[in-house]
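Novice: Put together the whole structure using the sequences plus the hints.
Residue numbers (the working numbering), protein chains in the order written: chain A, 91 to 322; chain B, 422 to 723.
Check each hint, because a few of them may be wrong.
What the hints assert, rightly or not - Computed spacing ranges between beta-carbons, pair by pair:
id : chain 1 : residue 1 : chain 2 : residue 2 : range
1  : B       : Gln423    : A       : Gly317    : 24 to 30 Å
2  : B       : Glu506    : A       : Pro272    : 24 to 30 Å
3  : B       : Arg491    : A       : Trp206    : 20 to 26 Å
4  : A       : Leu247    : B       : Gly443    : 24 to 30 Å
5  : A       : Leu205    : B       : Phe512    : 37 to 43 Å
6  : B       : Phe512    : A       : Trp309    : 35 to 41 Å
Note that these hints are calculated values from the structure, not bench results.
All C-beta atoms, glycine included, are put in the ideal place defined by N, C-alpha and C.
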Amino acid sequence: MQTIVPPAINSLLYMVIFGTLIGSQIADMEGFRYIEYIVPGIIMMSVITNSYGNVVASFYSTKFQRNVEELLVSPVHNLFILAGYVAGGVLRGFAVGCLVAVVSLLFTELTIHSLWQTFSIMLLTSILFSLGGFINAVYAKSFDDISIIPNFVLTPLTYLGGIFYSIRLLPEFWQGVSLLNPVLYMINGFRQGVLGESDISLGVAYAVICAFIGLFGFWAMKLLNQGVGLKD
Amino acid sequence: MQALSIQQLRKQYKNGFEAVRGIDLTVEPGDFFALLGPNGAGKSTTIGIICGLINKTSGAVQVFGHDIDRAPDAAKRQLGLVPQEFNFNVFEPIRDVVINQAGYYGIGRVKAKARTEHYLRQLGLWDKRGASAQELSGGMKRRLMIARALVHEPQVLILDEPTAGVDIEIRRAMWTFLQTINKEAGITIILTTHYLEEAESLCNNVAIINQGKIVEQGRVSELLGRASAETFVLDVSTPITGALTIPDYRVSVLSDQQLEIEVARGQGLNALFESLSAANVQVDSLRNKTNRLEEFFIRLVK
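Specialist: Listed below in structure tokens is the structure:
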């Protein structure tokens, strides 16, 4: 309850303030009412922050309490340890994402353009950020270390990833810069699934997300196999 | 096949400190083995390496023939660890702490529940099964870690200072429990402790580690036989006034009714009592000043 409801309240506030109060003064965006346009982005923002936050907090706390040693002394393969934490992050991301989607129904009709596409982008994104949270937790030596990446990297990338605007509104140079932001591909991929409209190609979105999953997965396994932050 | 075999084990930490410097050690199946040493000697590092909690720098370790590098899963299945510091989820009910640990070894939930009940009952924790670990006393937490280490029924149980901070009554109960599982279930037990009386009472074999190296190893009885001297404290009924000299013995007068006498190996007590009688000293009682193994240990690591 206390892990799922607060993000939904945050999202509710975004929808009230940006969607309804300010959004009513803004013209249609890419042919959609502003509230319709931002809802997929707000859902993805919840999925990203909660998948990441769940894994980084839970794995760091097992390190801090040293009960990670229960796993390390047992014959559980490192791949299963990683899969367990990622599954936890994905479940939390999905739970919050679904709740935010339900809350959004108070403000707009949510018609899904492609259920499979919406689901797959949400799943892959939550896997990616769960892996990111795990890597952060492995390196973290204090509670400060688990808030630095979310505050100084994840939040700016998410806000600049096109939740509240289309990058087509930006000058050409900044459109190019925005394309370097991997979160843009996730939010737009998800928006494509919900609205059938996106700033970027869907194939490129899948390719970018899968490439990062491969990279982060390899990185996380290497850390676990070497025992970085755990066995020294 | 040996329960534990260690060859040329070394561990150098990133800060350059060499905690373990070429340890060779063997422990036979069914043994009750003590690994002794002062703080920082390398005992916990050695145990950490055996159990997969610390990466070694070099050397080899086999548990019942399973190399920890080549067959880590098989080696880990043979091992149960009771670490020095509490390392369970303090918010979890203690029954879940033990059941979940069984799950990590692939034990089904029904069997895990049955074994959990068995060990929690044996260790006097069944009545607390629903309590979170943070509600337990220090002694109960130690016993919980023993139950957790035994739930997958390992062949080797490693206990790193299991009775530290535990009152004497619980300590004695834990000794009895450990002796029982050693004798009846045949579990090989490797124990580190700072209570040398504990090692002398429980263990058959001992290795003394100092500054990362094994400085002495053998049967407890052999090591005690090699002790060069024992110091006794004697309560006497006739008050002693002034200095007292007993030929061939080093004597200190602690008070008018208490003496301390060092008896060298081979001197025997009969000759001492004859000398004391000749000096008109009537002895009421006598005891070792320190535990015998402790005396040997101190001389060795000093």
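Novice: Compare the structure with each hint and give your call.
Specialist: Hint check results:
For B:Gln423 paired with A:Gly317, a C-beta distance near 26 Å keeps the hint of 24 to 30 Å intact. Checked against the hint of 24 to 30 Å, the C-beta distance between B:Glu506 and A:Pro272 comes to roughly 40 Å, which is inconsistent with it. Restraint check, B:Arg491 to A:Trp206: a C-beta distance of roughly 44 Å breaks the suggested window 20 to 26 Å. About 50 Å separates the C-beta atoms of A:Leu247 and B:Gly443, a value inconsistent with the hinted range of 24 to 30 Å.
The hint said 37 to 43 Å for the Cβ distance between A:Leu205 and B:Phe512, and at roughly 38 Å that hint holds. Checking the proposed 35 to 41 Å range against B:Phe512 and A:Trp309 shows it is violated: the Cβ atoms sit about 30 Å from each other.
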